[in-house]
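Participant: Which chain is which? The protein sequence lines are H and C, in order.
Each residue of the first sequence is one higher than the one before, counting from 1 in the UniProt record's numbering.
Each residue of the second sequence is one higher than the one before, counting from 1 in the UniProt record's numbering.
For the record, the hints were derived by calculation from the structure and aren't laboratory data.
Please note that the accuracy of each hint is not assured.
To be verified - No more than 25 Å apart at the CA atoms, straight line, and that leaves these computed lysine to aspartate or glutamate pairs for DMTMM-like:
no.: 1; chain 1: H; residue 1: Lys431; chain 2: C; residue 2: Asp117
no.: 2; chain 1: H; residue 1: Lys356; chain 2: C; residue 2: Glu68
no.: 3; chain 1: H; residue 1: Lys541; chain 2: H; residue 2: Asp396
no.: 4; chain 1: H; residue 1: Lys600; chain 2: H; residue 2: Glu564
no.: 5; chain 1: C; residue 1: Lys431; chain 2: H; residue 2: Glu68
no.: 6; chain 1: H; residue 1: Lys431; chain 2: C; residue 2: Asp67
no.: 7; chain 1: C; residue 1: Lys414; chain 2: H; residue 2: Glu34
no.: 8; chain 1: C; residue 1: Lys356; chain 2: H; residue 2: Asp139
no.: 9; chain 1: H; residue 1: Lys454; chain 2: H; residue 2: Glu587
no.: 10; chain 1: C; residue 1: Lys357; chain 2: H; residue 2: Asp139
no.: 11; chain 1: C; residue 1: Lys431; chain 2: H; residue 2: Asp67
no.: 12; chain 1: H; residue 1: Lys81; chain 2: C; residue 2: Asp20
no.: 13; chain 1: C; residue 1: Lys356; chain 2: H; residue 2: Asp67
no.: 14; chain 1: C; residue 1: Lys238; chain 2: C; residue 2: Glu387
no.: 15; chain 1: H; residue 1: Lys128; chain 2: C; residue 2: Asp365
Number of protein chains: 2
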Amino acid sequence: MTVKAPRSRSRRAAAAVAPDLAAVGEGRRRVIIEAVEPAIDGGRYPVKRIVGDVLTVRCDLFADGHDELAAVVRHRPVGAKTWHEAPLRPLVNDRWEGQFTLNSIGRHEFQIVAWIDRFATWVHQLEKRLAAGQDVRVDLQIGAALVGEAARHASGADSAVLHVAEAALIAGDVDTAFAGEIHSLMAVHLPRRFATESEVYPVTVERERARFSAWYELFPRSTADEPGRHGTFRDVIKRLPYVAELGFDVLYLPPIHPIGYTFRKGRNNSLTAGPNDPGSPWAIGNADGGHMSVHPELGTLEDFRALVAAARTYGIEVALDIAFQCSPDHPYVREHPQWFRARPDGTIQYAENPPKKYQDIYPFDFESDDWQGLWQELRRIFAFWIEQGVRIFRVDNPHTKSLRFWDWCLNSLKAEHPDLIFLSEAFTRPKVMYHLAKIGFTQSYTYYTWRTTKHEITQYLQELTTPPVSDLFIPNFWPNTPDILTPQFYAGQRSVFLTRAAMAATLTASWGMYGPAYELMEHVPVPGREEYIDNEKYEIKRWNLDAPHSLRGFIAQLNRIRREHPALHRNDTLRFHRVDIDFHEHEWLLAYSKTSPDGKDIILVVVNLDPERTQRGWVQVPVAEWGLNSMYQAHDLLTDARYTWSGEFNYVELSPQAPVHIFCIRRLRRDERGFEYFA
Amino acid sequence: MTVKAPRSRSRRAAAAVAPDLAAVGEGRRRVIIEAVEPAIDGGRYPVKRIVGDVLTVRCDLFADGHDELAAVVRHRPVGAKTWHEAPLRPLVNDRWEGQFTLNSIGRHEFQIVAWIDRFATWVHQLEKRLAAGQDVRVDLQIGAALVGEAARHASGADSAVLHVAEAALIAGDVDTAFAGEIHSLMAVHLPRRFATESEVYPVTVERERARFSAWYELFPRSTADEPGRHGTFRDVIKRLPYVAELGFDVLYLPPIHPIGYTFRKGRNNSLTAGPNDPGSPWAIGNADGGHMSVHPELGTLEDFRALVAAARTYGIEVALDIAFQCSPDHPYVREHPQWFRARPDGTIQYAENPPKKYQDIYPFDFESDDWQGLWQELRRIFAFWIEQGVRIFRVDNPHTKSLRFWDWCLNSLKAEHPDLIFLSEAFTRPKVMYHLAKIGFTQSYTYYTWRTTKHEITQYLQELTTPPVSDLFIPNFWPNTPDILTPQFYAGQRSVFLTRAAMAATLTASWGMYGPAYELMEHVPVPGREEYIDNEKYEIKRWNLDAPHSLRGFIAQLNRIRREHPALHRNDTLRFHRVDIDFHEHEWLLAYSKTSPDGKDIILVVVNLDPERTQRGWVQVPVAEWGLNSMYQAHDLLTDARYTWSGEFNYVELSPQAPVHIFCIRRLRRDERGFEYFA
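Okay, chain H solo, but in the shape it has when bound (with noise of 0.2 Å):
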């Protein structure tokens, strides 16, 4: 007896119940495309990139059964209407992988376009059908029917070539079908039927100075030339040759508007100022103006954007620093009291941290029912210096302002200026910074301060070097700042000077001090904080720039090997190296290297982080994946020494005096002639 489904009525059934097809939209997309990186909170973010990088994207791609798939990376800038392809090849494991160069700074976007390659699916099971001797006949009238579709999409000479190649399969001639460029032209013309396309992924692509500086921080009114004077842009113009001669590229200027009175800070954070005591500047605001405003007795707007043009003529930029809070005598406190929180007696709420207050400032209350008209406020002081000339902004705590409005302000800031320049000064905890850089933050400073021992050093550098933290943060290592004085200065050794400015200069493509306070080694701090006695965010300085003890050389030469060398101007290729002694790893001998994406330019840096013993090891150099042979050079660019080394441990030693190499390391070549020479 034949048992049969009872159909009709199962039919009914299923139909009552069977869900629409619709939200499946096309369902021949057999592909799946997953895991895409390089990739920021699965694309929410854009991954930062320097412009002229090469971007590697992977994926995964699988689809049903066995067919051979094709795909293609495709990039524009966001808004072009054309898409560039790149192919996409396997790796293993259905990992894909592609290039293509960021040619343009900007936002741009990529995408995974992916498909069954129905010809190189074909011509596969064609080869094994010929190797096994099988009658192909069927199967050359299939591929014929592919060739045919591809050259009826094709035009002129392609599309010939493809009827030829057709016209051959019929004919059942597979030699003169193989024969022309077949391959290639059915890879363009065959329509990619039942294509997969990934999510729209962001990129963010910067201009070179977002990964490779060097900024000073001086407080223009210490830089006057006579004892008593206020210091002014002027006289910051006289001091450009200076700051180019150390060979920094970034001038960052704490905030040049006027000061406010209520509250104003004494010498050394009182609480009460004296008549002459100038007050911090990040008290910013009085009847004189607020964040658009200059203080009049750095000069004028005019006198401003005098300086930003000078200090083009060196090749450098000024940077300024954004604060965004208000003293009490801020205009903005009269003509917008809804931006602040008011407080039940009729006051408004400063700035604290109980149980400390800061009288002196107001915060902006992101909370205010005039959120709107805040957050376009805060843009437009942004907007107002961009029209003065300037692409680059430190700002000042942005962890105390809502995040949400840096996203916005920065990225709408950015889409009209690409080349801004946004550097975050947020000492916060780790997710917060990182946040910050995911919202627009083009660089942050760090932990660099805090991580001195070789141990601390290397874990930190490993973390901030490789994804996902190298994709959507750039470090800027500082080792001072006028807020930040950490112990390790605190006995002022000059050999801790040199290690820790080495450092900040090599380990990262980006680095800033605050001078002259560093080149002159000052390093008495308030007793019981981490910060300078006597600060110059609350009176004048006087700084004796040609004081002997000064580090200007040492400085200026730092900068010099870093311009002149690429493997300095990136962080991705930085790699830590063994350093033994009695065969155990060293405890105070760091060595690092960094290398140019061609390879031809290498640096080993070697630093002795012990400030008061020469020590002495063996540094482990990779002469294998460096392609050295069995002699090669280290070129000290410090000191100028050139060492001739062989094999994988070389001796190093290194004394407080002098307590960094920074090698070159040089290959054995031959010229023409036979003679031979390192390069």
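Here the structure of chain H is known, so what remains is to put chain C in place on it, guided by the hints.
Facilitator: Structure of chain C alone, referenced to chain H:
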């Protein structure tokens, strides 16, 4: 001279470029939610859990500034109108965690909601101000306003209590204000202003048998008592006591549909079948019907339903094999030729993996113009057997059918029948296997058969039992299948059959075997292939279930131990233990444990992987973690031997005759009369 910004001009310029804030939505949502887990591909696919499981949810939470945060995870079955909430609490480094129990099967969803806790922030600051002896009169007014706001959103007794606290704060009486349960009332009633909501993340909650199951596969046609007769569903009903005695709870049948005649395979997969060869059950369909019909020689649809019902009385569920392919005689071939690929010569494309041809099988063409009709029909096959009472399906080679189809088909079926279980028979590349698990397959066959050494087993189990794999993939370990007989069995060593079954039954909570071939230790392969000779796929077998060498007693023991020990009902507590020999890790002895969630049930398994020699060693017991005293009991559940152990390392010795210990580890207890016992 005062320098002011050219305000009006700038304002116009800014207005011209200021981007729209509409896309921002509520800009005052200050809390950021990131890195939510568990989530598969950022929440695109559901996490898998079993009903009764506690789901632990974690995420990063932070805001600008230093305010206190509060957060909940809210959750509900998909389609429910109201959410349930569980609080999140901070761990370290801005990571937060919460838990809730999954109380019903089906698709659930959860979402993080986080906001600034205004009251906690205020309390925190007030405490610091009071400790510093500051004037807090204004602060108390601020607090009173918060409490008053909550009071207005509360009602009844809560509102009254809050109003009392409000009045106390206005009066400056902090003690009275804080005397009641103000903190919990404020947490309930103070509006969650500007709360941030995360994406919604899906969870699929399966019934218990999705994770904990023991499968037995048999060919119904081989179950007749009399030699030469084709077995029927009625014979299978008679076999149920045997299956129940062995302790299995899923009885899985190869396809039960009419078998094709065209190109029918003969014994040992020969290309020509003899007149009495029954054919492969996977060559589905002939004039008697297709996927919704029953092979007449097995009986009727009523007989099948009787089998399903009879099995249920033994606590056994019948699982059907769904193989989406057709013999050339299948009614679909005539009725729906558009579902198959036509070749230029008018024939239908049969299955092949060139140069191999499988002319007895037509695959469906998932690129058919009528793909929607095909999808609906294939889904209707499942719906038909669901109507017959089947809730468990083993799906044949799902990786050779459109992945998008499975996503739609399985999830739409489970939306109606959340108790469905689909076992994926995909022995393919890892990414494809895991993708099938993501898109709706409940359980999956694994690489277990090819993981035989201690290192391979340890590595593979660690991959399977930790996220992300454990969140999406439920393994089902089979030591054999009708298609797979791996080389370790070829010598027919009893030890190998014992250890491979014992490991399958205890390493993961679901296992299965193809019997009676396994318990009768069938082990002769087709030369050069990992497949049984005289394969039951192509012929009717007669099995002597009472053969003295049968492992039925051992298998029954394994399944009894599994049922009685909750530690073996899950995979997440699996850990491997060191086994020492001469102070080195033992090469042949493998030790691992599982514990129940309450920690009461501890199972420690030790396996001798050497089929030829007795092996001895010292197994390391985590005495402190398991809360064991100086003495504890290792009760071998296979032999009933009870060993009193002490300390961390204990001696084990396993011969090829008895190559497995399954210990229940019992703690030393003392009853009220002072007698000591193990429990």
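Participant: Taking the numbered hints from earlier one at a time, note which ones the structure violates and give those numbers from smallest to largest.
Facilitator: none
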